[in-house]
Amino acid sequence: KAGVTQTPRYLIKTRGQQVTLSCSPISGHRSVSWYQQTPGQGLQFLFEYFSETQRNKGNFPGRFSGRQFSNSRSEMNVSTLELGDSALYLCASSFPGNYGYTFGSGTRLTVV
Amino acid sequence: GESVGLHLPTLSVQEGDNSIINCAYSNSASDYFIWYKQESGKGPQFIIDIRSNMDKRQGQRVTVLLNKTVKHLSLQIAATQPGDSAVYFCAVPNTGGFKTIFGAGTRLFVKA
Numbered sequence: 001k002a003g004v005t006q007t008p009r010y011l012i013k014t015r016g017q018q019v020t021l022s023c024s025p026i027s028g029h030r031s032v033s034w035y036q037q038t039p040g041q042g043l044q045f046l047f048e049y050f051s052e053t054q055r056n057k058g059n060f061p062g063r064f065s066g067r068q069f070s071n072s073r074s075e076m077n078v079s080t081l082e083l084g085d086s087a088l089y090l091c092a093s094s095f096p097g098n099y100g101y102t103f104g105s106g107t108r109l110t111v112v
Numbered sequence: 113g114e115s116v117g118l119h120l121p122t123l124s125v126q127e128g129d130n131s132i133i134n135c136a137y138s139n140s141a142s143d144y145f146i147w148y149k150q151e152s153g154k155g156p157q158f159i160i161d162i163r164s165n166m167d168k169r170q171g172q173r174v175t176v177l178l179n180k181t182v183k184h185l186s187l188q189i190a191a192t193q194p195g196d197s198a199v200y201f202c203a204v205p206n207t208g209g210f211k212t213i214f215g216a217g218t219r220l221f222v223k224a
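These protein sequences, in sequence, are chains L and X. Under the numbering used here, the residue at position 104 of the first sequence is numbered 104, and the numbers go up by one with no gaps. Residues are numbered in the numbering used here as their position in the second sequence, beginning at 1, plus a constant of 112.
Calculated directly from the structure, the hints in this document are not laboratory data. For glycine and all other residues, C-beta sits at the position ideal for the given N, C-alpha and C. Worth double-checking, as some hints may not be accurate.
As the list claims (entries may be wrong) - Result set (SDA-like, lysine to any residue): computed pairs, CA atoms no more than 20 Å apart in a straight line:
1) Lys211(X) x Phe64(L)
2) Lys211(X) x Glu82(L)
3) Lys154(X) x Thr102(L)
4) Lys183(X) x Leu118(X)
5) Lys154(X) x Gln44(L)
6) Lys211(X) x Glu75(L)
7) Lys154(X) x Glu114(X)
8) Lys13(L) x Ile26(L)
9) Lys211(X) x Lys168(X)
10) Lys211(X) x Ile26(L)
11) Lys154(X) x Ser65(L)
12) Lys154(X) x Ser70(L)
13) Lys57(L) x Leu118(X)
14) Lys211(X) x Asn56(L)
15) Lys13(L) x Glu82(L)
16) Lys57(L) x Phe210(X)
17) Lys57(L) x Glu114(X)
18) Lys211(X) x Pro8(L)
19) Lys168(X) x Ala141(X)
To be verified - These stretches of chain X come out as covered by chain L in the derived footprint (C-beta under 8 Å, 3 or more residues):
20) 154 to 165
21) 214 to 221
Stated by the list, open to error - Simulated restraints on C-beta separations:
22) Thr38(L) x Glu127(X): 28 to 36 Å
23) Gln41(L) x Pro194(X): 43 to 51 Å
24) Lys223(X) x Asn71(L): 41 to 49 Å
25) Arg30(L) x Asp143(X): 19 to 27 Å
26) Leu11(L) x Ala190(X): 36 to 44 Å
27) Ala191(X) x Ala2(L): 30 to 38 Å
28) Asn56(L) x Lys223(X): 38 to 46 Å
29) Gly128(X) x Gly62(L): 22 to 30 Å
30) Gln126(X) x Arg67(L): 31 to 39 Å
31) Asn71(L) x Gln126(X): 16 to 24 Å
32) Ser152(X) x Arg15(L): 25 to 33 Å
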């Protein structure tokens, strides 16, 4: 079966711009979580969605937002990009009641 | 706040030897623990999990040990192979599974 698909794989943006990242979970997985991965901070939780509802949010500024659609696909948006937003953004999906994630390969965002 | 930590950022082992990767967690109420493996250019991949009512769980060449008294878990890899070279994360989902906290990761190097 298809895995978690994240698009695009790589992205270069300029400071001040905004960006939208997309995630398609595994069929049947209704929970989608987003993580930011950097060498210094490791994997940091951004938010989790289930049935189009945000159930939990990490300690990130309001510039980071997300949403989930009725088909469970999810997007995250970062506005007013800063250099420190450069990171690998990972999306993970899970089956209801299952705590283990299946991750996508991530979107590598570079802010210049 | 809740935290998950690893004892060593890097571990180097000889091919064929056994590897042991350690992790400590802070929340004594945690009842589920997961190990992930992340290879270069990929998202983390689920390896094995264990519930708090167990002390040990075995998979294919991997064993996870849980010591709730000292809030410590370890991942043992038997007969380590070059393909085991990766970063290994221990992860602790919160109650309800809406968020998972990841340790900083241990990078395993396998010497031929």
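| query | So which of those numbered hints doesn't the model satisfy? | reply | 2, 7, 8, 9, 11, 12, 13, 18, 23, 29, 30 and 31
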